[in-house]
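Novice: Residue numbers (the numbering used here), protein chains in the order written: chain E, 1 to 286; chain Y, 287 to 572; chain P, 573 to 858; chain U, 859 to 1144.
Some hints here could point you the wrong way.
[Said to hold, decoys possible] With a Cα cut of at most 20 Å, we get these calculated DMTMM-like pairs of lysine to aspartate or glutamate:
(1) Y:K441 / P:E837
(2) Y:K537 / P:E612
(3) P:K795 / E:D115
(4) U:K1086 / Y:D313
(5) P:K620 / E:D178
(6) P:K795 / E:E211
[As the list claims (entries may be wrong)] Per label pair, the in silico range of CB-to-CB distance:
(7) E:G137 / P:P669: 23 to 29 Å
(8) P:P669 / E:H82: 50 to 56 Å
(9) E:N204 / U:T892: 28 to 34 Å
(10) Y:Q543 / E:G137: 48 to 54 Å
(11) P:Q832 / E:H82: 42 to 48 Å
(12) U:E1066 / E:Q257: 48 to 54 Å
(13) U:G952 / E:N204: 36 to 42 Å
(14) U:G917 / E:E124: 38 to 44 Å
(15) E:G197 / U:V1142: 24 to 30 Å
What the hints contain is simulated information worked out from the structure, not anything from laboratory work.
C-beta atoms are modelled at their ideal positions from N, C-alpha and C, and glycine is treated no differently.
4 protein chains.
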Amino acid sequence: MVIAGFAFHGCLRYRGRLGLSGGAMIDVQSSGITSRFGIESVGITGLKYPLLVRDSVSGEQQATIAHWKLGVDLPGSRRGTHMSRFITALDNIGGVPLDLDGHYQFATSIATLLDAESAQIQAEFLWFRRIAAPISGHSAQLESTVVFSAVTGPKAKKTLTVRVAAKSLCPCSKAVSDRGAHNQRSDLTLRVHLDPGQSAPAINHLLEILEGSASSPVYPVLKREDEKYVTEYAYDHPVFVEDIVRLAAEKVSVLAQSNQISGFEVEAINRESIHAHDCFAKIVFP
Amino acid sequence: MVIAGFAFHGCLRYRGRLGLSGGAMIDVQSSGITSRFGIESVGITGLKYPLLVRDSVSGEQQATIAHWKLGVDLPGSRRGTHMSRFITALDNIGGVPLDLDGHYQFATSIATLLDAESAQIQAEFLWFRRIAAPISGHSAQLESTVVFSAVTGPKAKKTLTVRVAAKSLCPCSKAVSDRGAHNQRSDLTLRVHLDPGQSAPAINHLLEILEGSASSPVYPVLKREDEKYVTEYAYDHPVFVEDIVRLAAEKVSVLAQSNQISGFEVEAINRESIHAHDCFAKIVFP
Amino acid sequence: MVIAGFAFHGCLRYRGRLGLSGGAMIDVQSSGITSRFGIESVGITGLKYPLLVRDSVSGEQQATIAHWKLGVDLPGSRRGTHMSRFITALDNIGGVPLDLDGHYQFATSIATLLDAESAQIQAEFLWFRRIAAPISGHSAQLESTVVFSAVTGPKAKKTLTVRVAAKSLCPCSKAVSDRGAHNQRSDLTLRVHLDPGQSAPAINHLLEILEGSASSPVYPVLKREDEKYVTEYAYDHPVFVEDIVRLAAEKVSVLAQSNQISGFEVEAINRESIHAHDCFAKIVFP
Amino acid sequence: MVIAGFAFHGCLRYRGRLGLSGGAMIDVQSSGITSRFGIESVGITGLKYPLLVRDSVSGEQQATIAHWKLGVDLPGSRRGTHMSRFITALDNIGGVPLDLDGHYQFATSIATLLDAESAQIQAEFLWFRRIAAPISGHSAQLESTVVFSAVTGPKAKKTLTVRVAAKSLCPCSKAVSDRGAHNQRSDLTLRVHLDPGQSAPAINHLLEILEGSASSPVYPVLKREDEKYVTEYAYDHPVFVEDIVRLAAEKVSVLAQSNQISGFEVEAINRESIHAHDCFAKIVFP
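Modelling step: build the complete structure from the supplied sequences, incorporating the hints.
Specialist: Structure, rendered in structure tokens:
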């Protein structure tokens, strides 16, 4: 039998020695080849799977559903990886709560299971906090997005990403206008990089850094007295998109100085209320 | 030969009388069946295709790329439609400019071509206007979205949908706060329904109805003096999401009263700058 | 104080009699107006909130996160609804498991809470089933999407929507080709409408109707022996996109005949593997 | 006047010396500050703007609409960039056709205009090719996506990205099954990096490399005889997702060996027809 794809493509480097299908089934993925090209990452994406997630610091657990990307490297000497093992391994986590360290260990086990030098595993999920309105005290859940990311092997690292909405009010608009100032929802993202031996900061701490760098946090429930407070507070704390990322960077850099993290990125996107387009700013450190 | 799908599914209503594949190829789609279920709409979706679009009133033309959905009804006596004919018919439009009437005629030709009682054709595309800043006069293109929709046959109608961003400033926030007021980008949609014999209003007229119902339009370019103007203008014209749709409905209803359109829907979505969620309001007339 | 938005818009129908802000805060939303236009639906959208969902028939519960749209009607005599009450009401559900009937009751309570004639509440969420591979028996979770929808008041109804991926293999391609047949992932949606007094069918039953109408279900984990089975099974059960919706309609119509549901819609979208565009078919009953 | 945002945030590094608003308007963006944090990229995103695009090699021009991201770096000594200049500069391109070199020159002019060391400009747009069916010769337009990317300054480079759908048929499924083989739509992406002095390869050449690495291209129109051809052709040319990226890498690496490009990335995502999730593979060179 000939795997025509390779002959046809004139790729003589592929030498699929596929036996006849006798008693045992052909294992095409494991067939010997010689390719110049090792594969950086191969695996599964677009997978949604339940996850019991745990914050490293507070220990708080939330039942959520993650969007997974699971990959491993593949050397030039092997034709294919074993896709089904990713799912089985993920399913085996079962109801065990996973923090970023557990996520990294999961990536390590994937590398072993798939006989790979490196695994790259990413889980993106919603994370909720109960947030009280500033005056009335009415509270409800506020959404944010968290991403656990782990790379094992020679370039090993862990990354914790948090994303949350906030309010930004334009300093220029305030300065030049006799009344009011344009403001808008902003989407803020903070990504902290950690060596395998470093412990992840608290998710909520990172979220608060972002919110504290904008003109105001957003809230799930606001009564009239709260709306007055938030409006005036934002008016008193105008920030450009550039200011937001710098203010956040100032605070996050404390973690880098104390060697709790190895680097970070912070990005802000303002959904401008005076334009149909957005403004963004990004700091990468170091 | 047996089309196993039907035997297997135990669906005795399907009686595919498929001849042997002799000289001519089997035409599976045209095979006789008897199903209780006529199909409301069958065809192609997720198709992107260039379109030279034309405004019915001004005659302005723009080269754009539309997202197409093309469907026809199918009676219970026929198993399948002929998918390739949709594409060929669309390609045959070539560089001919299409306004909503042309779009309706295209739908009519699709129904004929596919031997259908009704065709349902939809094209969604970006439409640009050159917009000048209110004080400095600096101008650039501002995006909006337009949808041409046509249904032929017993329920014949044409629909023109326009969508544009605008600025909304909250009356409650303004009323209760000592300074400032929260405002945000809003996404506004107006859908006008026409009988086949009615002529479409100008795209830009509908867009201006939406923009005039918000606290302020958005602009592609604003210098400082413009930003001052827009900020103060919006502050002076606060609207709830409910107000936006009512104000737009007031203006659009003039077209209905003068029998230029047969009905309309207007929807506003405020990307609230004090919340992570949106607020919406919708009016349907009649 | 004048709410300039209305004067400016020349909308004399709005007569905001807003007193000075003395001891009590102004309640702008409740201010008296007279508008010709009642609002079909006003409320909150784009909201993500945790939900403990329950299947009406099996009683199975899953912790998930829903995307919510919550609206009520608003008569012409009232200017605004009270947005914060939606969130507080939703939060009050707390950890109580919600099936479609519970969802309908929640909509009823929203209408009362907001003094509305009708509430329109929609929650879309992921729902998982443990699915075993057909030969090896390896199992894992398979995602699907479910939507609970409830409308109370004069047009009261409940709607249960389920969506799942499946495999479709083209009968024409199989019939005309000497070897192989093109096949692809399909996205299948079934929507069943119920009167308030009718009980919802089991979520999994509806999902199985969809999967049984395609060439094969999809699976979370497949070993080689399973892949052989699924490949051959799909090859033996070719279906056009038109066939899928008719086969599903046949099965669902049993529920309509026995008066368990009042109507349904079924839609299939094939992500064609021989095209960059998709094919779709839709049946609406009655 | 005090820009409260900074005092409040306790960020003493910001020393906004904002004069009173006398005759001239305050220029808040240009106010002197001292921040430790230079900004990697600040500017505009989510902008849609018409573009007359040109292929560097063939000279073919297409009127399209690009999604733009336009940014510049900002040193620690300046508080803000001038957002409106991006739009004005983009608008000034007017109807001038832009190839990748023109795009790079545009980025250079943006850096000058905004007094920046580096500009980062990205335009993503649809690109169409007229494709004929393999047997019948029926032709129509086939969509693909192209991204022009330019970074000027110390890390200067140009990147040309192309993305197109193709068909992949699984070698394992074919090998183990007695009839048929699962296949699906794949989304293929090729990114070639160039030094400022290197000339971009033809867009269509890169698209053909991707299509030639899959089991078959996809087509806009196929008649029955074409469908037979494509079905059998794909069956005769099975490829894993790993094979696709390696086959493409083999061909692209010729460009790297002859020093036409400085590096590349190729990624394939298979929308698996037997799963609800996708499989992916990625090669990065060097």
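Novice: Each hint needs a verdict: does it hold in this structure or not?
Specialist: These are the hints, each one checked on the structure:
no.	hint	in the structure
1	Y:K441 / P:E837	19 Å, holds
2	Y:K537 / P:E612	18 Å, holds
3	P:K795 / E:D115	18 Å, holds
4	U:K1086 / Y:D313	12 Å, holds
5	P:K620 / E:D178	37 Å, violated
6	P:K795 / E:E211	47 Å, violated
7	E:G137 / P:P669: 23 to 29 Å	28 Å, holds
8	P:P669 / E:H82: 50 to 56 Å	38 Å, violated
9	E:N204 / U:T892: 28 to 34 Å	31 Å, holds
10	Y:Q543 / E:G137: 48 to 54 Å	49 Å, holds
11	P:Q832 / E:H82: 42 to 48 Å	44 Å, holds
12	U:E1066 / E:Q257: 48 to 54 Å	52 Å, holds
13	U:G952 / E:N204: 36 to 42 Å	50 Å, violated
14	U:G917 / E:E124: 38 to 44 Å	43 Å, holds
15	E:G197 / U:V1142: 24 to 30 Å	27 Å, holds
Checked against the numbered hints above, the structure violates hints 5, 6, 8, 13; every other hint is satisfied.
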